[in-house]
Amino acid sequence: MVEQLKTYKNGILAVELIEGFTETDEQLLQKLFEDKKEKGFDSINVLIKLDEAKISKSSIKVFFEDIIYTLRNYKTMGHIAIVAHSNILKALVPIDNLFFERSSKGREERYFDVSQLDQAFKFVEKLS
Numbered sequence: 001m002v003e004q005l006k007t008y009k010n011g012i013l014a015v016e017l018i019e020g021f022t023e024t025d026e027q028l029l030q031k032l033f034e035d036k037k038e039k040g041f042d043s044i045n046v047l048i049k050l051d052e053a054k055i056s057k058s059s060i061k062v063f064f065e066d067i068i069y070t071l072r073n074y075k076t077m078g079h080i081a082i083v084a085h086s087n088i089l090k091a092l093v094p095i096d097n098l099f100f101e102r103s104s105k106g107r108e109e110r111y112f113d114v115s116q117l118d119q120a121f122k123f124v125e126k127l128s
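Quick note on numbering: the sequence shown equals residues 1 to 128 in our numbering.
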């Protein structure tokens with residue numbers, strides 16, 4: 001399930017994935033992102049909190065569809081904050097930064113532990 005943590009009138013999207021990640025969740029995330037694009041925001045900062053997300057309740061197909069959507073819209077994404085309690089995600093975020101470095105000048109993806117949620121909000125609230 002997807003819930004908005006905060007709503008912003010500017011180019012910021014802050015959501016939490018609870019339990020699993022389903023096709024309905026993916027469609028909602030895409031709609032929220034597309035709404036920001038339609039409002040004219042060229043760069044959209046994204047905060048995703050995954051603390052309660054359970055991979056076992058997530059669809060692999062939906063996960064890969066989301067990756068494809070993300071790749072198609074990567075140039076529209078500004079700063080990305082991943083908030084979780086996961087050593088795997090903590091290790092993957094720097095790899096993402098290296099992989100997308102050329103196409104994302106001035107943008108950064110950062111990992112935050114759930115105890116650092118306030119810092120994650122400050123990070124995405126700095127509009128690039």
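Bear in mind the hints are in silico, worked out from the structure with no lab data behind them.
Any given hint might turn out to be false.
[Stated by the list, open to error] With a straight-line Cα cutoff of 20 Å, these simulated SDA-like cross-link-like pairs (lysine to any residue) come out:
id: 1; residue 1: K90; residue 2: D118
id: 2; residue 1: K61; residue 2: K75
id: 3; residue 1: K61; residue 2: D118
id: 4; residue 1: K75; residue 2: G40
id: 5; residue 1: K39; residue 2: R72
[What the hints assert, rightly or not] Pair ranges (Cβ atoms, derived):
id: 6; residue 1: T24; residue 2: S115; range: 16 to 24 Å
id: 7; residue 1: K39; residue 2: N87; range: 30 to 38 Å
id: 8; residue 1: A91; residue 2: D35; range: 15 to 23 Å
Idealized CB from N, CA, C, for every residue including glycine.
Each hint tested on the structure:
no., hint, in the structure
1, K90 with D118, "17 Å, holds"
2, K61 with K75, "23 Å, violated"
3, K61 with D118, "32 Å, violated"
4, K75 with G40, "14 Å, holds"
5, K39 with R72, "19 Å, holds"
6, T24 with S115: 16 to 24 Å, "30 Å, violated"
7, K39 with N87: 30 to 38 Å, "37 Å, holds"
8, A91 with D35: 15 to 23 Å, "32 Å, violated"
Checked against the numbered hints listed earlier, the structure breaks hints 2, 3, 6 and 8; every other hint is satisfied.
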